[in-house]
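Both chains are given apart, each in its own frame, so use the hints to dock them into the complex.
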Amino acid sequence: MASAPTDQQLLDSLDGDPAALGTLYDRYASLVYGIALASLRDPDDAADLTQEIFLRIYRHPHQYDPERGALGAFLVTMTRTRAIDRLRARGRKLRVLQHVERAIPQASPASTALERYSLQQCTERVRAALERLPQNQRRVLELAYYRGLSQSEIADDLAASLGTVKSWARRGLLALRDALGDLIE
Amino acid sequence: MTPTANGNGKDPERAVDYVLGHLERADADAFEARLAADCALRTEVERLRSALELLPYASATEPPPALRSRVLRAAQAESTRTPSTARRERQIVWTRFAAAAAVVLALILGADAYRLRSELALQHEVTALLQQPNVVLSFSLAGTGEHARAHGAVALDLDAKKGAVVLRRLPRLPSGQVYSLWARVGDVAVPCGDFSAAADGGVRAPFAVPVESYKASIDALFVTVEPRAGGDHPTGPTVMESA
Chain D
1 MASAPTDQQL
11 LDSLDGDPAA
21 LGTLYDRYAS
31 LVYGIALASL
41 RDPDDAADLT
51 QEIFLRIYRH
61 PHQYDPERGA
71 LGAFLVTMTR
81 TRAIDRLRAR
91 GRKLRVLQHV
101 ERAIPQASPA
111 STALERYSLQ
121 QCTERVRAAL
131 ERLPQNQRRV
141 LELAYYRGLS
151 QSEIADDLAA
161 SLGTVKSWAR
171 RGLLALRDAL
181 GDLIE
Chain V
1 MTPTANGNGK
11 DPERAVDYVL
21 GHLERADADA
31 FEARLAADCA
41 LRTEVERLRS
51 ALELLPYASA
61 TEPPPALRSR
71 VLRAAQAEST
81 RTPSTARRER
91 QIVWTRFAAA
101 AAVVLALILG
111 ADAYRLRSEL
121 ALQHEVTALL
131 QQPNVVLSFS
141 LAGTGEHARA
151 HGAVALDLDA
161 KKGAVVLRRL
171 PRLPSGQVYS
181 LWARVGDVAV
191 PCGDFSAAAD
201 GGVRAPFAVP
211 VESYKASIDA
221 LFVTVEPRAG
231 GDHPTGPTVM
241 ESA
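Which chain is which? The protein sequence lines are D and V, in order.
Number 122 in my numbering belongs to position 122 of the first sequence; there are no gaps in the numbering.
Number 129 in my numbering belongs to position 129 of the second sequence; there are no gaps in the numbering.
Keep in mind the hints are simulated off the structure, nothing from the lab.
Bear in mind the structure is a predicted one, so any value in this text is a computation, not a measurement.
Please note: incorrect hints may appear among the correct ones.
[As the list claims (entries may be wrong)] Straight-line Cα separation of at most 25 angstroms, DMTMM-like style, residue types lysine to aspartate or glutamate; simulated pairs:
hint: 1; chain 1: V; residue 1: K10; chain 2: V; residue 2: D29
hint: 2; chain 1: V; residue 1: K10; chain 2: V; residue 2: E46
hint: 3; chain 1: V; residue 1: K10; chain 2: D; residue 2: D178
hint: 4; chain 1: D; residue 1: K166; chain 2: V; residue 2: E46
hint: 5; chain 1: D; residue 1: K166; chain 2: V; residue 2: D27
hint: 6; chain 1: D; residue 1: K166; chain 2: D; residue 2: E142
hint: 7; chain 1: V; residue 1: K10; chain 2: V; residue 2: D27
hint: 8; chain 1: D; residue 1: K166; chain 2: V; residue 2: E13
hint: 9; chain 1: D; residue 1: K166; chain 2: V; residue 2: E32
hint: 10; chain 1: V; residue 1: K10; chain 2: D; residue 2: D17
Just chain V, with the same shape it has in the complex (with noise of 0.2 angstroms):
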C-alpha cells in the first residue's frame, strides 16, 4: 500500500487500525478527519471495512433443527398481541426520518436553508461513517421558562449507539457551566452528552448513546446546565425538554 496523497505514511497502519475498531478515541477522530479530506484514503478504509464486513459469512452454520419450530411458534404467539402503538409511531426507517427531520428542523430552524442542507449532509456523511443502521428515535426539543425561544431535535440510534443533537437559541453559558442532554428511562436520567452552545446559539453535535443503560423505553429527553464534568445526575435547572 502507497501513503496517501497527503503524504502520510502512517495512514496505512492507521486505516487498519481503525477499521479494526483499534484506535483511541482522540486518534480515531483525528484520523476521521484526515479521512473527510481524503478520497484515496477513504476509499481505502472502505474497502477495508468491506473485507473485515465479510468475515461473518465464514461462520454460517445450520441452527438445531428444533429452532425452527420455536421461533415461529413464538412468532405466532406474538401475533395475537397488540403490538405497542407508541413504540412503533417513534420507530422509522433512517431515510424517512432524514425527509421528515429537513421538513421538521426547516420549520425550526426557519430560512437558514443553506445551512441546514450542509448540516444534514453532514449528519448523512456522518452517519454514513458511523454504521447508521435503520432504527431511529426521534424527539423534538422545546425550551422552558425564560428559554421558551430554545428549540431543537435529538435522534438516537440504538443499535449504532449513537446519537444526534441540534439545539438552537440557547445562551452562552459562563465558562465551567455546560448543557447536559438527558434521557429519562423510567425513574432514571441516562446521561447522553454535554455541550456547549456555539456563538450563535447553536448545538449541533453526535454522541454516544449508552444502550446498556437503557432498561426500558425512553421516556422523555430533557436538557439542563450543569457545571463542565459533573456528575451522573442532574442537579442543574431544566431549560429544555422534549414534547
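Isolated chain D, as found in the complex (with noise of 0.2 angstroms):
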C-alpha cells in the first residue's frame, strides 16, 4: 500500500497541484483554526484568518523550511503572529511579544513531539496537562500566549493583584513542563 505523502512532498507539488492543499489543510485546519478561535474569540474572525494561512502557504510553499521543524509548529507560529497582529490592528492594548517570540529552537521540541505523536496525540496530552491546573494558572498562560496580554492586563482581566499574577504564571508554566516533560525532552 502506498504510504502517505509527506508533508514536504504536498508542498513541493502544490504549484501544480492544487488539490494538494486540501489534504495540508485536512491535516492541519483543526490546529491553524483552534488557534485563531482562541486568540481572536470570534468563528468569522478565525475562519478568515485560517483561510489566509492556507493561501499563504499555497502562494509561498517554499517560506516553509523543514530544516527548522515541522510544518506543523511553523503553521503555529505563522498562525499565532498574525492573530496578534489582527488583535493589535483591532486596536486592542496589546503587548508586543518581543520575549515570548523571540527563542524557538531550531528543531522546536512542539516540532519533535509532532515528528513522534501524532497532532490528536499532541493534543489529548495538552489538553489533559492544562486541565490537571488550576484554573487561574491556565487562564494567564492562554491570556499571555493566544492574546498577547501584559502581566497588568492579564491582572486587570482576572481582577487580581500583579504578584498574584506572577505567581500564577510561574507554578502554571513549571507544572505544564513537569507535566510534558517526555514530550519536551
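What follows is the structure, given as C-alpha cells:
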C-alpha cells in the first residue's frame, strides 16, 4: 500500500496540484483554526485567518524550511503571529510579544513532539496537562500566549493583583513543563 | 528548581517571566546576556519555552465544514494569476539566506573571514533565540556621495518582527548624531532604528521591525544621519541606499 505523502511532498506539488492543499488542510486546519479562535474569539475572524494562513502556504510553499522543524510548528507560529497582528489592528492594547516570540530552538520540541506523536495525541496530552492546572494558572498562560497580554493587563482581566498573576504564571508554566516532560525531551 | 551554576537565585523566576514575555526590555536584555553565559539556564529556558509552545495543541478545533471548500476555491482562483516575481525573488528561506549572506558579506567585508564567521554565528545564535521563522527579506546597501566606500546588508524577518544590519566603512559621527535606518514603504519612511558606528566604522545590530507600519511592500532601505533621539521622519542627509 502506498504511504501517505509527506508534508514536504505536498508542499512541493502545490504548484502543479492545488488539490494537495486540500490534504494539508485536512491535516492542519483544526490546529490553525483552533489557535485563531482562541486568539480572536470570533468564529468568522478565525475562519478568515485560517484561509489567510493556508493561502499563504499555497502562494509561498518554500517559506517553510523543513530543517527548522515540523510544518505544524511553523503553522502554529505563523497563525499566532498573524492573530496577534489582527488583535493589534483592532486597536486592542496588546503587548508586542518580543520576548515570547524570541526563542524557539531550531528543531523545536513542538516539532519533535509532532514527529513522534500524531496531532491528536499531542492535543490530548496537552489538554490533559492543562486540565490538571488550577483554572487561574491556566487562564494566565492562555491570556499571555493567545492574546499577548502583559502581566498587568492579565491582572486587570482577572481582577487579581500583579503579584498574584506573577505567581500563577510561574507555577502554571513550571507545572506544564513537568507534565509534558516526555514531549519536551 | 535549583539556582543555576552562576548562583543567581532570581534566575528561575526570571526564566519564567522571560519565556512569557513579561520582562521589561532592559531586564530581558540583561537576562539574555546571562543566558549566553549559562548553559544550564539556557536549557531551562528552552524547556519552559517548549512547554509553552505546546499550549496551542490543546486548542485544536474543527473548523466549519464549509471553510475547506472556501479555501480551495480561493486557491484555485489564485492559481490563474501570475505571482509577483519581484516579491518571490526577495523571499528566501533563512538557511539559504544565511549561505547567500555569507558569500555576499564575504565579498563586501573582504578578508576578515574569522570576524565574518563570528558575526554569522552570532546572528544565527541571536536569530535562534528570536524565534526566527523562515521568511527573510534581504537588501544590500551602498554608500552615496562622500560615503561611497560604505557598504552593508540588512535582513528583515517580518514574521519575527526583527531585523539585523551589518554596515562597514562608515565614519564615526560626532556625539549627538546617529545613523538612522529607514524603510521606504510607498511615500512613507518607516524608522527601523538608530545606530552608532564602532571605531572601525562598523555597525552590527539587531532591531525591531514595526510590521504594523508596513502598509505596502518595502521599496527600498536607506540610511541617514540624524540627531540622537530624532523624530519619526528623516531630516538629515542620506548616506546609504539599497541597491
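The hints, checked one at a time:
| no. | hint | in the structure |
| --- | --- | --- |
| 1 | V:K10 x V:D29 | holds, 15 angstroms |
| 2 | V:K10 x V:E46 | holds, 17 angstroms |
| 3 | V:K10 x D:D178 | holds, 20 angstroms |
| 4 | D:K166 x V:E46 | holds, 20 angstroms |
| 5 | D:K166 x V:D27 | holds, 16 angstroms |
| 6 | D:K166 x D:E142 | holds, 14 angstroms |
| 7 | V:K10 x V:D27 | holds, 12 angstroms |
| 8 | D:K166 x V:E13 | holds, 9 angstroms |
| 9 | D:K166 x V:E32 | holds, 20 angstroms |
| 10 | V:K10 x D:D17 | violated, 54 angstroms |
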